[in-house]
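2 protein chains.
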Amino acid sequence: MTNTRRQFLRGAAQLGAIAPFLTVGALAQRAAAADVESARFGSTAEEAYQIAYKAHEDLMTLPDLRMHGEEKIAMVVYPKMTMLDLVGPQFFFSAMMGSSVYLVSKDETLSPVMGDTGFAIVPTISMADCPNDLDILFVGGGTSGTVDFMNDQTSMDFVADRGARARHITSVCTGSMILGQAGLINGKKATSHWAVRHLLPNFGAEAVDARVVRDGNVMTGAGVSAGLDFALALLAQIRGEAYAKSVQLAAEYAPDPMFNAGTLSSADPKMGDAMHKMYATAIFAMDEASRRQKRE
Amino acid sequence: MTNTRRQFLRGAAQLGAIAPFLTVGALAQRAAAADVESARFGSTAEEAYQIAYKAHEDLMTLPDLRMHGEEKIAMVVYPKMTMLDLVGPQFFFSAMMGSSVYLVSKDETLSPVMGDTGFAIVPTISMADCPNDLDILFVGGGTSGTVDFMNDQTSMDFVADRGARARHITSVCTGSMILGQAGLINGKKATSHWAVRHLLPNFGAEAVDARVVRDGNVMTGAGVSAGLDFALALLAQIRGEAYAKSVQLAAEYAPDPMFNAGTLSSADPKMGDAMHKMYATAIFAMDEASRRQKRE
Numbered sequence: 028m029t030n031t032r033r034q035f036l037r038g039a040a041q042l043g044a045i046a047p048f049l050t051v052g053a054l055a056q057r058a059a060a061a062d063v064e065s066a067r068f069g070s071t072a073e074e075a076y077q078i079a080y081k082a083h084e085d086l087m088t089l090p091d092l093r094m095h096g097e098e099k100i101a102m103v104v105y106p107k108m109t110m111l112d113l114v115g116p117q118f119f120f121s122a123m124m125g126s127s128v129y130l131v132s133k134d135e136t137l138s139p140v141m142g143d144t145g146f147a148i149v150p151t152i153s154m155a156d157c158p159n160d161l162d163i164l165f166v167g168g169g170t171s172g173t174v175d176f177m178n179d180q181t182s183m184d185f186v187a188d189r190g191a192r193a194r195h196i197t198s199v200c201t202g203s204m205i206l207g208q209a210g211l212i213n214g215k216k217a218t219s220h221w222a223v224r225h226l227l228p229n230f231g232a233e234a235v236d237a238r239v240v241r242d243g244n245v246m247t248g249a250g251v252s253a254g255l256d257f258a259l260a261l262l263a264q265i266r267g268e269a270y271a272k273s274v275q276l277a278a279e280y281a282p283d284p285m286f287n288a289g290t291l292s293s294a295d296p297k298m299g300d301a302m303h304k305m306y307a308t309a310i311f312a313m314d315e316a317s318r319r320q321k322r323e
Numbered sequence: 028m029t030n031t032r033r034q035f036l037r038g039a040a041q042l043g044a045i046a047p048f049l050t051v052g053a054l055a056q057r058a059a060a061a062d063v064e065s066a067r068f069g070s071t072a073e074e075a076y077q078i079a080y081k082a083h084e085d086l087m088t089l090p091d092l093r094m095h096g097e098e099k100i101a102m103v104v105y106p107k108m109t110m111l112d113l114v115g116p117q118f119f120f121s122a123m124m125g126s127s128v129y130l131v132s133k134d135e136t137l138s139p140v141m142g143d144t145g146f147a148i149v150p151t152i153s154m155a156d157c158p159n160d161l162d163i164l165f166v167g168g169g170t171s172g173t174v175d176f177m178n179d180q181t182s183m184d185f186v187a188d189r190g191a192r193a194r195h196i197t198s199v200c201t202g203s204m205i206l207g208q209a210g211l212i213n214g215k216k217a218t219s220h221w222a223v224r225h226l227l228p229n230f231g232a233e234a235v236d237a238r239v240v241r242d243g244n245v246m247t248g249a250g251v252s253a254g255l256d257f258a259l260a261l262l263a264q265i266r267g268e269a270y271a272k273s274v275q276l277a278a279e280y281a282p283d284p285m286f287n288a289g290t291l292s293s294a295d296p297k298m299g300d301a302m303h304k305m306y307a308t309a310i311f312a313m314d315e316a317s318r319r320q321k322r323e
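Chains H and V are the protein sequences, given in the same order. Here the first sequence is numbered in this note's numbering, starting from 28 and rising by one per residue. Here the second sequence is numbered in this note's numbering, starting from 28 and rising by one per residue.
Everything labelled a hint here was simulated from the structure, so no lab data went into it. Among the hints, erroneous ones may be present.
Claimed, not checked - So, partial list: chain H residues that the calculated Cβ filter (under 8 Å) puts toward chain V: (1) Glu64; (2) Ser65; (3) Ala66; (4) Tyr76; (5) Leu111; (6) Ser121; (7) Met124; (8) Met183; (9) Ala191; (10) Val235; (11) Asp256; (12) Pro296; (13) Thr308.
To be verified - Here are the simulated lysine-lysine pairs, DSSO-like style, with alpha carbons at most 30 Å apart: (14) V/Lys107 / V/Lys81; (15) H/Lys133 / V/Lys107; (16) V/Lys133 / H/Lys107; (17) V/Lys81 / V/Lys133.
Glycine included, every Cβ here is placed at the ideal spot set by N, Cα and C.
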């Protein structure tokens, strides 16, 4: 919009009821409202910067808002994982000011890691170089990639070692199968993607049909999209409710799916059964891996 | 769990009421239930594969499930964008069997692109090589990265060109500012991240405070996490309700955040105001860019 047109419309809005045509009046009111809103954020770049700076200070004075921390957060990245499992929580973790978020790969060359939806993420640190003492160890899920990870000794040694020392042991989706294989959820309540939740007892865990399950220092999330609910809950636990809510607002996390079909119990039964069996090879392989590990 | 222990527990479950201790009985029942569930997915790898294969066929026979398509989908990847804006919808798009999902970068070397939460994604095609006629053009958002994109002629030419030909012109978060700058939402209803929604009239669009807004062939989503609701809606439009629901189930998308604080109206007013002003520099710069474009 040109400045001239804005001035015209602002003028028209001030004229109000005597605007010659209703549409011109409505347009003008809308443009004027936008101008008023815009004015809150400065009329020069420098003013905008000062407003943002002051807002940061204002946030720091809000009660119970733990603005800064030094958490060390490791998120495991592995081939054929479901990247959304990781990217949802990563948004929340990266918003924890002062924290360090590591994307950890087995591969020391830090080559991009291809996920199971066809795109690759670049890891930032190798398992060998990852800090020993973590505030959060996070593992996401997948299908055949998760099975491969469960059957890889180096990867499992990493999870077992860092998990044993971590302040929070966490997963989303079938990532809890990996935690289980590493012996980290034995005796704990946990959840997983609905398709494999029944396997949790193989690891000595109690399967809970819930979106997010916290038991002591273990927090697990359900399938894929549950990563957002999981991360919000973990953030609230670590940085407090006010901080968690500020990140929820940044993410505009007020979900509203047009269908209620995201769980096995809400899905059409024929569809749910077929979808479940589509995962048969991964379910079978995870089941096998869990039994083999226990035999060793 | 060893096979021996499983056999013992299964035996104990069959004994039922005469199990000597309640805990053993409960454990055994749980293990037996897990075994029954496991048995549905085969007792050998080959059986599991056959079950999965048959399930795929079963899904194809469900009414109104458009299982395969050949959609060409381009998702723009640019520096300092919010990667979750893209990765949420990418999960849904990649689940459209037969479709091609391109991650499009301006940079012809296809170097990894660093997002605003500190990790990089590898693009798969350059703007120059991207197909001309797309079924879906998708643009995600960000703050300063989005401003840079709006002020880059090559990038905007790409969006304007592919958008003018695309069957569906789409965005999440401040991606709608980019669509606006490219002249693609003039006269349309649209939404955006709450922090900049008031700027939509600068592009001739009508700002709607909604999670997902569809107007003709333009579909826009609200901030960041709205990408999941957006993608579900678009998938339903393109592949039908049954297909969309099957992907919703795969994603276990039954969101349940522990707080209701994801919108400006539900947030604490002091927090909301400060958070809004934290974005002042980006808001000011997007406002400026939109006015400059209109003057040209």
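### Query
Holds or violated: H/Ser65 as interface residue toward chain V, Cβ cutoff 8 Å?
holds, 5 Å
### Query
Given the hinted pair H/Lys133 and V/Lys107, is their alpha-carbon gap at most 30 Å?
holds, 26 Å
### Query
Given H/Pro296 was flagged as interface, is its beta-carbon under 8 Å from a beta-carbon of chain V?
H/Pro296 check fails; min Cβ-Cβ to chain V is 11 Å, beyond 8 Å.
#### Entry: Interface hint status, H/Ala66 versus chain V (Cβ within 8 Å)
violated, 10 Å
#### Entry: Hint consistency between V/Lys107 and V/Lys81 [alpha-carbon to alpha-carbon, up to 30 Å]
It is violated: about 44 Å lies between the C-alpha atoms, which goes past 30 Å.
### Message
Given a cut of 8 Å on the nearest C-beta pair, is the interface hint for H/Asp256 held or broken against chain V?
### Response
holds, 5 Å
### Task
Verify the interface restraint on H/Val235: the C-beta must sit less than 8 Å from at least one C-beta of chain V.
violated, 12 Å
### Task
For the hint on H/Met183, just tell me whether its beta-carbon gets within less than 8 Å of chain V.
violated, 17 Å
### Message
Take the shortest C-beta to C-beta distance between H/Ala191 and chain V; is it under 8 Å?
### Response
With a minimum Cβ separation of about 21 Å from chain V (threshold 8 Å), the hint on H/Ala191 is violated.
### Closest C-beta approach of H/Thr308 to chain V relative to 8 Å, hint status
holds, 5 Å
### Query
Is V/Lys81 close enough to V/Lys133, meaning Cα to Cα at most 30 Å?
Distance ~43 Å between V/Lys81 and V/Lys133 Cα, so the pair is violated.
### Task
Would you settle whether the hint for H/Tyr76 is holds or violated, based on the nearest Cβ-Cβ distance to chain V being less than 8 Å?
It holds, given that the least Cβ distance between H/Tyr76 and chain V is near 5 Å, below 8 Å.
In summary, the structure is inconsistent with hints 3, 7, 8, 9, 10, 12, 14, 17 from the numbered list given earlier, while agreeing with the others.
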